[in-house]
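Full structure from sequences and hints, please.
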Amino acid sequence: DTGVSQDPRHKITKRGQNVTFRCDPISEHNRLYWYRQTLGQGPEFLTYFQNEAQLEKSRLLSDRFSAERPKGSFSTLEIQRTEQGDSAMYLCASSLDLGGNTEAFFGQGTRLTVV
Amino acid sequence: GENVEQHPSTLSVQEGDSAVIKCTYSDSASNYFPWYKQELGKGPQLIIDIRSNVGEKKDQRIAVTLNKTAKHFSLHITETQPEDSAVYFCAASQSWGKLQFGAGTQVVVTP
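Keeping their order, the protein sequence lines are chains A and B.
For the first sequence, the working numbering assigns the number 115 to the last residue and increments by one with no breaks.
For the second sequence, the working numbering assigns the number 111 to the last residue and increments by one with no breaks.
It is possible that part of the hints are untrue.
To be verified - Heads up, simulated DSSO-like pairs for lysine-lysine below, C-alpha to C-alpha not over 30 Å straight-line:
1) B:Lys22 with B:Lys71
2) A:Lys71 with A:Lys57
3) A:Lys57 with B:Lys37
4) B:Lys57 with B:Lys42
5) B:Lys42 with B:Lys22
6) B:Lys58 with B:Lys37
7) B:Lys57 with B:Lys37
8) B:Lys68 with B:Lys22
9) B:Lys37 with B:Lys71
10) A:Lys11 with B:Lys42
11) B:Lys22 with A:Lys57
12) B:Lys58 with B:Lys71
13) A:Lys14 with A:Lys57
14) B:Lys71 with B:Lys57
15) A:Lys14 with B:Lys42
16) B:Lys42 with B:Lys58
17) A:Lys11 with A:Lys71
18) B:Lys68 with B:Lys58
19) B:Lys68 with B:Lys37
20) B:Lys37 with A:Lys11
21) B:Lys42 with A:Lys57
22) A:Lys57 with B:Lys71
23) B:Lys57 with B:Lys22
24) A:Lys11 with A:Lys57
25) B:Lys42 with A:Lys71
26) A:Lys57 with B:Lys68
27) B:Lys22 with B:Lys58
Keep in mind the hints are simulated off the structure, nothing from the lab.
Set out below in structure tokens:
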């Protein structure tokens with residue numbers, strides 16, 4: 001296992017369509033995070049999982065967004081009825097909870113373009 | 001919530017010179033401060049981090065300092081090389097790991 005893996009790397013979709021992204025974290029990492037990054041900005045937190053439990057969601061995560069981590073391993077992020085404002089890089093990160101802050105490692109991201 | 005400000009937004013240095021990037025944070029409960037390097041089209045790569053019980057940490061040409069009283073922390077890169085050219089992000093976090101990022105610094109190292 002060489003790191004966090006995200007699929008697809010790029011996605012172009014028409015406005016109004018649904019899209020789903022997948023993230024495979026580093027094996028044995030129990031925390032998984034989703035971030036969104038727009039051009040020229042730092043990543044913004046969307047949501048995070050501790051094992052299969054989704055413990056926090058940002059206000060950025062509208063009701064069109066849903067994330068799952070059904071078995072505490074890989075995660076999916078779905079965007080329904082995409083809008084042009086959803087165009088961004090979607091980043092996944094994982095870390096191992098050792099009872100305090102630990103290093104979070106990011107994947108290469110999925111670049112979404114809504115046309 | 002936490003707010004992280006990062007300066008400068010762009011930094012141009014001659015190869016071999018040092019680069020310094022500064023960040024401030026607002027929430028005194030933040031206790032973990034990582035730095036990430038991001039190259040074009042790639043995800044952020046963790047390069048160094050510091051925790052609130054430490055004032056300084058060094059790893060080869062990279063060092064980070066933390067001033068908890070003033071709520072600011074800095075990244076120092078010495079003997080810069082062209083491969084150091086990238087966007088650098090600071091971040092702050094509390095115990096469960098959600099990262100609040102700065103806006104980034106575009107570093108350009110010219111030969």
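Of the numbered hints stated earlier in the document, which are not met by this structure? none
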